[in-house]
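Two chains, two frames, some hints: make the complex.
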Amino acid sequence: DGGITQSPKYLFRKEGQNVTLSCEQNLNHDAMYWYRQDPGQGLRLIYYSQIVNDFQKGDIAEGYSVSREKKESFPLTVTSAQKNPTAFYLCASSIESSYNSPLHFGNGTRLTVT
Amino acid sequence: QKEVEQNSGPLSVPEGAIASLNCTYSDRGSQSFFWYRQYSGKSPELIMFIYSNGDKEDGRFTAQLNKASQYVSLLIRDSQPSDSATYLCAVNYGGSQGNLIFGKGTKLSVKP
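Line by line, the protein sequences give chains A and B.
Take the position in the first sequence, starting the count at 1, then add 486; the result is the number in this note's numbering.
Take the position in the second sequence, starting the count at 1, then add 58; the result is the number in this note's numbering.
Take these hints with a grain of salt, some might be off.
Said to hold, decoys possible - Capping the alpha-carbon separation at 27 Å, the derived lysine-lysine pairs in DSS-like fashion look like this:
#1 K495(A) / K169(B)
#2 K500(A) / K100(B)
#3 K100(B) / K557(A)
#4 K543(A) / K60(B)
#5 K495(A) / K60(B)
#6 K569(A) / K100(B)
#7 K162(B) / K543(A)
#8 K543(A) / K169(B)
What the hints assert, rightly or not - Some but not every residue of chain B turned toward chain A, in silico, with C-beta under 7 Å:
#9 Y97
#10 S98
#11 P102
#12 L104
#13 N111
#14 K162
Calculated directly from the structure, the hints in this document are not laboratory data.
Each residue gets a CB set at the ideal place from its N, CA and C atoms; glycine is no exception.
The following block holds chain B by itself, in its conformation from the complex (with noise of 0.2 Å):
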């Protein structure tokens, strides 16, 4: 079975410090890989993407992953306490966004 696995926290930082967000995923052949935020009663907002092995940054966060050990991460730098929130990860098995397997996020919490 097809897993996307993220410890659910919360995972606490203070403000101005860097939020690491962790996921592990079953397949090898796992093709795409997203982080969504989610605030409380709300719906989840896109915030980036990774295909390949390596870094990708936008603004205050990077994605990394890791197909060797089959790991995607988060970083946000200079947490903000409007970054509380909790964090989907989702990873596509191949094919189409129908094969698209979400985690059940890890809730984030900067302290003022």
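So here's chain A without its partners, still in its complex pose (with noise of 0.2 Å):
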């Protein structure tokens, strides 16, 4: 079955280490994107990536950093410099990048920084 695959599902981490979160889809879609959920907040957008080896920032890239090396994949790394990390972190991806191309989630990670 084609998806979206998160991992891991919980994170637990102390304050000053980089985490990386992982996300690979076998859909073949060109976009993927990264959002973080706070409770009672909508989406926003960490980085974001049209195609393989280029990616934007989104509205709250800092103390963020993504590769896209292949297409498959799109990982992203939390680090110390972000300053409130703790959040519900979705992988999305979609056929491709344009406004008519619905957005596919991941089950997601909860990442806990103590």
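In structure tokens:
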């Protein structure tokens, strides 16, 4: 079955440590996205990639980094520079990045930093 | 600043009733509109999308778009307890989906 796999489901880290969240898709989608969701808040875009080896910052990119070396994979690194990293992180993909391509989401990773 | 507004709810309806969820947006140039359902602790699932003024029906769901008034709504007919979830409205302000803005969602509760 095609889909988007995020791992791990839960992640715990100490403050000051970098952590990388995995996102893999086998839908053959060109575009991939990372969102962050905080309680009672809408989804906020961190980074997105329209094609391999290219990505753009979203609204809240500070303290995060990404890479897109393969079409299937779009890992997100939460660095120690991110002041408030505890959140629910959602990876999504779409066939292409145009306005009429619906996003499909992975199951999310819940990150807790103490 | 481009905004997508939704009533946070909770919106409570009895089983079998019609649930009406509304969303307003600030930019007249918006091109596409999406409704997602999110169960507690889970990721959003796409329900419907609409691009043109008017109604679009899919099973028990109807999306209604009025660009002149800058609102989009989602009607759920014959509501079921399994429809209880948070419904997210998302609006694309043009160009790539990097310009997709999500509302904070409306929590729907369907009482048996």
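Going down the list of hints, with the structure as the test:
1. Proximity of K495(A) to K169(B) is assessed by CA-CA distance (about 31 Å); at most 27 Å being required, the pair is judged violated.
2. A distance of roughly 25 Å separates the Cα atoms of K500(A) and K100(B); the hinted pair therefore holds under the 27 Å criterion.
3. Only pairs whose Cα atoms come within 27 Å are accepted, and K100(B) paired with K557(A) is accepted, the gap being roughly 25 Å.
4. As the CA atoms of K543(A) and K60(B) are separated by approximately 17 Å, the hinted pair is consistent with the 27 Å bound.
5. Straight-line distance between C-alpha atoms of K495(A) and K60(B) comes to about 32 Å, which puts the hinted pair past the 27 Å bound.
6. Taking the CA atoms of K569(A) and K100(B), the gap is near 25 Å; set against the 27 Å cutoff, the hint holds.
7. Simply put, K162(B) and K543(A) have alpha-carbon atoms about 21 Å apart, close enough for the 27 Å limit, and the pair holds.
8. A distance of roughly 42 Å separates the Cα atoms of K543(A) and K169(B); the hinted pair therefore is violated under the 27 Å criterion.
9. Given hint, Y97(B) at the interface with chain A, is violated; its Cβ is 11 Å from that chain's nearest Cβ, farther than 7 Å.
10. The restraint placing S98(B) at the interface with chain A is violated, with a minimum CB-CB distance near 11 Å, outside the 7 Å limit.
11. Annotation: P102(B) was flagged as interfacial toward chain A, and the flag holds, the nearest CB pair being 5 Å apart, inside 7 Å.
12. Using the Cβ-Cβ criterion of 7 Å, the hint placing L104(B) at the interface with chain A is satisfied: the shortest such distance is roughly 5 Å.
13. Checking N111(B) against chain A: minimum C-beta separation of about 15 Å lies over 7 Å; hint violated.
14. With 7 Å as the threshold, the beta carbon of K162(B) comes within range of chain A, its nearest partner Cβ sitting at about 5 Å, so the hint holds.
Taken one by one, the earlier hints fail for this structure at numbers 1, 5, 8, 9, 10, 13, listed in ascending order.
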